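Chemist: Make a model of the complete structure from these sequences and hints.
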Amino acid sequence: MTAQVLWMNIPLMILAFGVWVGVPLWLALRHPDRHPSEGRSVPAYLRETRQKRPARINARAFDGQRGLVTM
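Going by this note's numbering, the letters in the sequence shown line up with residues 20 to 90, in that order.
Think of the hints as simulated: they come from the structure by calculation, not from any bench. Values in this document were obtained by computation on a predicted structure and should not be read as measured data. Cβ atoms here follow ideal geometry from the backbone N, Cα and C, with glycine treated the same way. Be careful, since some hints might not be right.
Stated by the list, open to error - Across the chosen pairs, the derived CB separations fall in these ranges:
id : residue 1 : residue 2 : range
1  : E67       : W45       : 24 to 34 Å
2  : R69       : N28       : 35 to 45 Å
3  : M32       : R69       : 19 to 29 Å
4  : I76       : D52       : 38 to 48 Å
5  : L65       : A22       : 25 to 35 Å
6  : S60       : M32       : 30 to 40 Å
7  : L34       : P62       : 34 to 44 Å
8  : R72       : L46       : 35 to 45 Å
9  : K71       : G37       : 48 to 58 Å
Modeler: Structure representation (structure tokens):
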């Protein structure tokens with residue numbers, strides 16, 4: 020009797036495992052992230068950013084022959 024009950028539960032275990040794996044897989048395949056960089060969950064180091072121009076600096080430097088030079 021016990022062996023028969025265990026063998027009857029195997030199709031139910033297969034069905035439960037199929038649902039457990041199949042539903043998330045189906046959702047991932049049905050609704051893929053088309054533009055992941057637009058989401059809030061993307062870390063900052065993975066986001067695409069524009070290349071910013073460096074700030075212009077007015078500095079004075081010592082040139083060995085001309086003395087202080089403005090750059």
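Chemist: Decide, hint by hint, whether the structure agrees.
Modeler: Results for each hint:
1. For the pair E67 and W45, the supplied restraint of 24 to 34 Å holds, since their beta-carbon distance comes to about 30 Å.
2. In this structure the hint that R69 and N28 lie 35 to 45 Å apart at CB is violated, the actual value being about 59 Å.
3. Roughly 53 Å separates the CB atoms of M32 and R69, a value that falls outside the hinted 19 to 29 Å.
4. Roughly 41 Å separates the CB atoms of I76 and D52, a value that falls within the hinted 38 to 48 Å.
5. A hinted range of 25 to 35 Å for the beta carbons of L65 and A22 is inconsistent with their spacing of about 54 Å.
6. Taking the beta carbon of each, S60 and M32 are about 34 Å apart, inside 30 to 40 Å as hinted.
7. Hint check: L34 to P62, Cβ distance near 38 Å, so the stated range 34 to 44 Å holds.
8. Range check, R72 to L46: Cβ separation about 43 Å, and the 35 to 45 Å hint holds.
9. For the hinted restraint 48 to 58 Å between K71 and G37, the CB-CB distance of approximately 51 Å keeps it satisfied.
Going through the hint list in order, the structure does not satisfy hints 2, 3, 5.
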